Amino acid sequence: MAYKYLVIVESPAKAKTIEKYLGRNYKVVASLGHIRDLPKSRMAIDTENDYQPDYISIRGKGPLIKELKKYAKKADKVYLAADPDREGEAIAWHLCYLLGLDTQDKNRVVFNEITKEAVKGAFKEPRTINMDLVDAQQARRILDRLVGYTISPILWKKVKKGLSAGRVQSTALKLVCDREQEIKAFKPEEYWTIDGNFKKGTKKFKASFYKLNGKKASLKDAQAAQQVLQQLDGDEFDVVKVSKKERKRNPSLPFTTSSMQQEAARKINFKTRKTMMIAQQLYEGISLGRGGSVGLITYMRTDSTRIADSAKKDVHQYITDTFGENFANAAPRKGKKAENAQDAHEAIRPSSVFRTPEEIKQYLSKDQFKLYQLIWSRFVASQMKPAVFDTMTVDLERNQVLFRANGQKLKFAGYQKVYIEGTDNGKTEKENMLPEMEKGDTVKSVDIEPKQHFTQPPARFSEATLIRTLEENGVGRPSTYAPTIDTIQRRYYVKLQSKRFEPTELGEIVNQMVSDFFPQIVDVHFTAEMEKDLDEVEAGKEDWVKVIDEFYKPFEKTVAIAEEKMEKIQIKDEPAGFDCDVCGHPMVIKMGRYGKFYACSNFPECRNTKAIVKEIGVTCPTCGKGQVIERKSKKGRIFYGCDRYPECEFISWDKPIGRNCPKCDHYLVEKKAKGGKQVVCSNCEYKEAVQK
Numbered sequence: 016m017a018y019k020y021l022v023i024v025e026s027p028a029k030a031k032t033i034e035k036y037l038g039r040n041y042k043v044v045a046s047l048g049h050i051r052d053l054p055k056s057r058m059a060i061d062t063e064n065d066y067q068p069d070y071i072s073i074r075g076k077g078p079l080i081k082e083l084k085k086y087a088k089k090a091d092k093v094y095l096a097a098d099p100d101r102e103g104e105a106i107a108w109h110l111c112y113l114l115g116l117d118t119q120d121k122n123r124v125v126f127n128e129i130t131k132e133a134v135k136g137a138f139k140e141p142r143t144i145n146m147d148l149v150d151a152q153q154a155r156r157i158l159d160r161l162v163g164y165t166i167s168p169i170l171w172k173k174v175k176k177g178l179s180a181g182r183v184q185s186t187a188l189k190l191v192c193d194r195e196q197e198i199k200a201f202k203p204e205e206y207w208t209i210d211g212n213f214k215k216g217t218k219k220f221k222a223s224f225y226k227l228n229g230k231k232a233s234l235k236d237a238q239a240a241q242q243v244l245q246q247l248d249g250d251e252f253d254v255v256k257v258s259k260k261e262r263k264r265n266p267s268l269p270f271t272t273s274s275m276q277q278e279a280a281r282k283i284n285f286k287t288r289k290t291m292m293i294a295q296q297l298y299e300g301i302s303l304g305r306g307g308s309v310g311l312i313t314y315m316r317t318d319s320t321r322i323a324d325s326a327k328k329d330v331h332q333y334i335t336d337t338f339g340e341n342f343a344n345a346a347p348r349k350g351k352k353a354e355n356a357q358d359a360h361e362a363i364r365p366s367s368v369f370r371t372p373e374e375i376k377q378y379l380s381k382d383q384f385k386l387y388q389l390i391w392s393r394f395v396a397s398q399m400k401p402a403v404f405d406t407m408t409v410d411l412e413r414n415q416v417l418f419r420a421n422g423q424k425l426k427f428a429g430y431q432k433v434y435i436e437g438t439d440n441g442k443t444e445k446e447n448m449l450p451e452m453e454k455g456d457t458v459k460s461v462d463i464e465p466k467q468h469f470t471q472p473p474a475r476f477s478e479a480t481l482i483r484t485l486e487e488n489g490v491g492r493p494s495t496y497a498p499t500i501d502t503i504q505r506r507y508y509v510k511l512q513s514k515r516f517e518p519t520e521l522g523e524i525v526n527q528m529v530s531d532f533f534p535q536i537v538d539v540h541f542t543a544e545m546e547k548d549l550d551e552v553e554a555g556k557e558d559w560v561k562v563i564d565e566f567y568k569p570f571e572k573t574v575a576i577a578e579e580k581m582e583k584i585q586i587k588d589e590p591a592g593f594d595c596d597v598c599g600h601p602m603v604i605k606m607g608r609y610g611k612f613y614a615c616s617n618f619p620e621c622r623n624t625k626a627i628v629k630e631i632g633v634t635c636p637t638c639g640k641g642q643v644i645e646r647k648s649k650k651g652r653i654f655y656g657c658d659r660y661p662e663c664e665f666i667s668w669d670k671p672i673g674r675n676c677p678k679c680d681h682y683l684v685e686k687k688a689k690g691g692k693q694v695v696c697s698n699c700e701y702k703e704a705v706q707k
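For this note's numbering, count along the sequence shown from 1 and bump the result up by 15.
In case anyone wonders, no lab produced these hints; they're calculated from the structure. Possibly wrong hints are sitting among the right ones.
Listed next, with one range per pair, are the computed distances between beta-carbon atoms [claimed, not checked]:
#1 Tyr660 to His681: 17 to 23 Å
#2 Lys121 to Arg57: 35 to 41 Å
#3 Phe369 to Ala626: 51 to 57 Å
#4 Ser325 to Val461: 54 to 60 Å
#5 Glu204 to Val461: 27 to 33 Å
#6 Lys226 to Lys466: 33 to 39 Å
#7 Trp668 to Lys572: 49 to 55 Å
#8 Lys219 to Thr470: 26 to 32 Å
The structure displayed is predicted, hence computed values, not measured ones. All residues carry an ideal CB built from backbone N, CA and C; glycine is no exception.
My request is simple: use the sequences and hints to build the entire structure.
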């Protein structure tokens, strides 16, 4: 089919969506991401000549480049419509080079959402390649190459092959390792609380010890708690103060990349990488039956909470029509711009608020629906009125011992009609009604119980809290969080235990060596300042060569010192305690890329290896001969299987407990349940009570 204009985007899904909007005069093709990059086999940065990079066409993309050139020759004009960020601008610039296009020509088209109006509007106002954006991307790429390709070979020599270090990944690893050191050094301190059940008439409520003899008191031991109980000497308490207030809670702002990644981890249990993959699919376009392919959300790499005026108008109309005028915020909330935010794109939101999750559920996969619903709900809620609570605080006193009771009741749901934000500890605020009381009333205590507690160490990072910490410290940018977390896991520097990051032995060794010899690389403030410099390059206020030079000159000296003074560390093999079943030599425990494993000490003559497995003390319910062992999937998820595999193919995601169901005789398993664990049948609906 003849065409006048060629449009090049990154992905086939995006190409398909855009081609539908542009019509027959346009041919839209995909470059499949970057087509030119630094070679993997060498540094490819000329440090003696203004850090000029030596780009090559990416291996395997020769036929695609040939095809793009053929298409470009037939077109009257070529438009470059890669994503609206630094990476997208760099892709467009590389395409200009390979296709012989003029960077001063107005051939760059950008849009924040893939809808008919946005795409057609963008093609009416093409611009030239923004070289400031290109330089910022190029500077980041060169900096990361200089760091990675300089430090990594030193680690290879001094520790083991296959290790790597990087500007952002090493900082993230240090945060995890530092937190582990805090946990190890933590000394718990004892403290006590006193909680009581009280009664006003027939209505019961709870209150907690608050003051002693008019002063706030902390109970450090059992003796202090007993003194309070002895001073009470009776069960009648006077109501000495009643405070009633109205409290408002504002909705959260619409999603940035970081807040979306955090909330997806908390509420729908998505890993960062998965969140970004699904968001990319929603942005590039989903086929909605006869309506064809439509981009469902705005661009998903952003640090801004800004919203387009047209979107504000639409959401106001939707809220008014669906919930009533009293739910719509007359003056939509504006987010405070973060100090280090680029603010290049608006917040992540649905491209049309009228496209509700339920209406399009049939066209989405399960995961696409979950994320779209999260984005849509958060956006709608962000433009609704605050939730209003009636709160009540009551102080109860006996013999100068004061207990305090707090209660609240939802008066007006506001935004909570649509969305309630998740929390890192999984707890949500509950209604707690107190009986009506007035100053001078008398209430009775039903029971008062002292409890011993110990202070807890800081929690290990989850994906959500690590991203938040990186963002708060200005380390990395929206596009870097997912690959950073992915890298430190793939290198086996950290492992996820109960959804929390724990450094491995290898991770602690690498962190120690990088921290000792390259303190700047892992310094949070230094890394944050470097991000600011890159933003200055993007804004056209700083020269990229100067930024790199100021970093590299002192860095080069530290590299020379590390080469000379860093001691070689040998990770010694531990004896496994049994012999190789192939050659009879002792087996040892080795550290591999994915953790520890058994290997023959007679390597390389004997290459026998075995996975380290954990028996759970249950005989296989399928074959009755083997033992059920704990295994890990490629994604690190624990499952259970027979140790006689492949002879026996028994497998279960839930832990078998070694008993059979009294109803159907199938094996019983243990599942996580609210408040503890629950034994359920693997076949029928039989369940046992939840064990706390």
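Going down the list of hints, with the structure as the test:
| no. | hint | verdict |
| --- | --- | --- |
| 1 | Tyr660 to His681: 17 to 23 Å | holds, 20 Å |
| 2 | Lys121 to Arg57: 35 to 41 Å | holds, 36 Å |
| 3 | Phe369 to Ala626: 51 to 57 Å | holds, 52 Å |
| 4 | Ser325 to Val461: 54 to 60 Å | holds, 59 Å |
| 5 | Glu204 to Val461: 27 to 33 Å | holds, 31 Å |
| 6 | Lys226 to Lys466: 33 to 39 Å | violated, 18 Å |
| 7 | Trp668 to Lys572: 49 to 55 Å | holds, 53 Å |
| 8 | Lys219 to Thr470: 26 to 32 Å | holds, 30 Å |
Violation of the numbered hints given earlier is confined to hint 6; every other hint is satisfied by the structure.
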